[in-house]
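Asks: Line by line, the protein sequences are chains A and B. Residues 1 to 109 (the working numbering) are what the first sequence spells out, left to right. Residues 1 to 459 (the working numbering) are what the second sequence spells out, left to right.
No lab work stands behind these hints, which were simulated from the structure alone. As the structure is a prediction and not an experimental result, all values here were calculated from the model. Please note that the accuracy of each hint is not assured.
[What the hints assert, rightly or not] Here's a subset of chain A near chain B, in silico, CB distances under 8 Å, partners left out:
no., residue
1, Phe37
2, Val51
3, Phe73
All C-beta atoms in this analysis are idealised placements derived from N, C-alpha and C, irrespective of residue type, glycine included.
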Amino acid sequence: MEELMGSFNTIGIQHYLFLSAVLFSIGVTGVLYRRNFIVIFMSIELMLNAVNVLLAAFSRFNGDQSGQVFVFFIMVVAAAEVAVGLAILVMIFRNIRSTDINALRNLKW
Amino acid sequence: MTTLVLLSLLGFLVLFLGAFEQKKAILPVVIAGLSAAFVTNALSWDTSQTFYGMMRYDNYAVSFVGLMIFSVLMIMLLASYHFRNEDSHIADIYALMIFTLVGGLVMVSYASLVMLFVGIEILSIALYILAGSRRMNLSSNEASLKYFLMGAFASGFLLFGITLMYGVTGSFDLLVISDYVNGNEELPMLFITGVLLILIGFSFKIGAVPFHFWTPDVYQGTPTLITAFMATVVKTAGIAAFFHLFDICFSAIDGVWFNILWVIAAATILLGNVSAVMQNEAKRMLAWSSVAHAGYLLIPVLALNELSASAIFYYTAAYSVASISAFAVLLGISQFSNEMPVDQYKGLAKNNPIMTTALVIAMFSLAGIPPLAGFFGKYFVFVTAMESNLNIAVIIAIAGSLIGIYYYFKPVIFAFNQEVPPIEKIKGNAAFNFVLFAGIIISLIIGIFPDLLANLPGN
């Protein structure tokens with residue numbers, strides 16, 4: 001137990017930074033490569049949550065509360081975005097009966 | 001601050017009026033409310049208050065908010081014409097436009113990165129719904145989805161940048177960040193990454209190359225009325241927020257972002273204009289032209305001197321007025337149709353002289369022909385750039401505007417085409433004609449007397 005707690009203390013800010021950079025990159029890759037728009041949507045949420053992890057870590061590291069408060073702002077905004085985003089998805093699904101982003105090719109270059 | 005509260009309450013009031021089926025009362029209430037907001041906004045001139053370190057309502061904010069309220073008022077009048085025979089969901093559309101305006105207000109008056117994010121999201125979330133407001137129309141659906149995905153994606157970048165900046169400086173406050181930047185010779189890599197991520201996020205939002213790819217699709221698919229809204233209010237808010245951040249925080253570290261932004265601005269101007277030339281669809285052409293205008297607007301951000309703020313303000317004012325006229329004419333011609341080829345303008349001169357005049361003035365102003373407002377907009381931008389020795393950027397911008405003349409003249413030439421196809425006479429109502437007249441007169445007045453607006457935002 002003692003050893004476990006000790007190893008927790010050695011987790012520095014760079015570990016959090018690395019974790020959230022990886023999560024963020026996974027999110028970006030998901031947005032760019034997946035073709036199902038629900039998965040793309042989840043990837044965007046992943047990006048926002050990567051930011052949340054980092055904000056909480058920075059907030060603790062800087063000894064400043066405002067970062068944690070900002071996490072709540074992001075959560076609220078993300079929830080609003082989910083509400084609107086899912087409504088848009090449902091609206092599109094009703095019209096095209098598919099969740100494949102390639103089915104949407106009305107607008108072209 | 002009064003303006004913010006007033007506009008938010010107005011939005012709710014309109015929603016309630018819609019819920020209680022008071023259709024007749026909505027438009028007068030909206031116009032009265034927006035006018036009141038315009039007045040309270042004008043009354044805060046020179047007061048420059050800061051609210052809990054979150055918002056700073058100075059002259060910069062007052063001038064941009066005034067411009068945005070004016071644009072929204074014009075678009076509301078157009079909406080009353082556009083939806084004259086349709087009575088479902090109008091209250092929702094009006095209310096969402098007002099909420100978008102609230103977001104825009106927050107975006108031009110933020111004093112903390114938290115408020116920047118909140119403002120952008122208030123603006124964007126309402127717009128995602130507006131873009132998809134024609135639910136049964138596939139193009140509108142597609143535009144809404146694309147705008148939503150791209151907007152949320154861009155917010156992610158912006159947020160990551162804000163977070164890195166917070167991690168390094170320990171604060172979201174613009175002034176603290178600015179002190180940090182000015183007080184440190186060597187900035188950590190994290191901070192520089194943060195600046196670049198914020199730059200990417202903003203480039204997405206204002207539609208600058210290479211993050212512009214969503215713009216033409218979204219502008220084309222969105223209902224024309226909302227496209228007018230995106231091209232004016234949203235672009236104004238975006239560029240004002242962009243400049244505000246770079247002016248206060250990052251002016252001392254232009255080595256980090258200058259070259260990147262220079263390339264972005266030059267590429268935006270060239271690609272926007274060249275692509276607009278190749279379009280046969282009027283709305284898509286206007287979309288590419290708005291990309292090109294975003295490029296011109298980036299030049300004062302690049303120059304970042306004491307003239308920049310007024311150059312951006314004058315340019316956005318001239319551009320908004322002209323765009324609203326251009327979209328009004330497009331709305332009048334195509335109504336609810338989705339297909340709007342450029343030759344749709346054929347025979348307009350015989351059909352409706354007021355619309356033709358408005359079209360000519362709007363296109364000439366967008367192309368930058370003297371003595372219209374658009375010319376002085378470009379002139380001020382170029383003077384600002386010369387002040388900071390951005391001569392090559394100016395040459396690129398001038399080349400861009402020369403290309404621009406070609407495609408802005410296309411609709412005008414079609415309008416004066418004599419072989420008139422048998423189209424029915426287009427009749428606008430009083431509100432519609434008022435918008436056209438206002439567009440013509442304002443473009444002329446601020447073009448002939450540019451001093452009226454030239455020094456507004458001040459420092």
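Asks: Once the shortest beta carbon distance from Phe73/A to chain B is found, is it less than 8 Å?
Replies: holds (6 Å)
Asks: Less than 8 Å between beta-carbons is the criterion; does Val51/A satisfy it with respect to chain B?
Replies: It holds, given that the least Cβ distance between Val51/A and chain B is near 5 Å, below 8 Å.
Asks: Hint validation: Phe37/A versus chain B, beta carbon distance must be below 8 Å. Holds or violated?
Replies: With Cβ-Cβ at 7 Å, under 8 Å, it holds.
The structure is consistent with each of the numbered hints, conforming to all of them.
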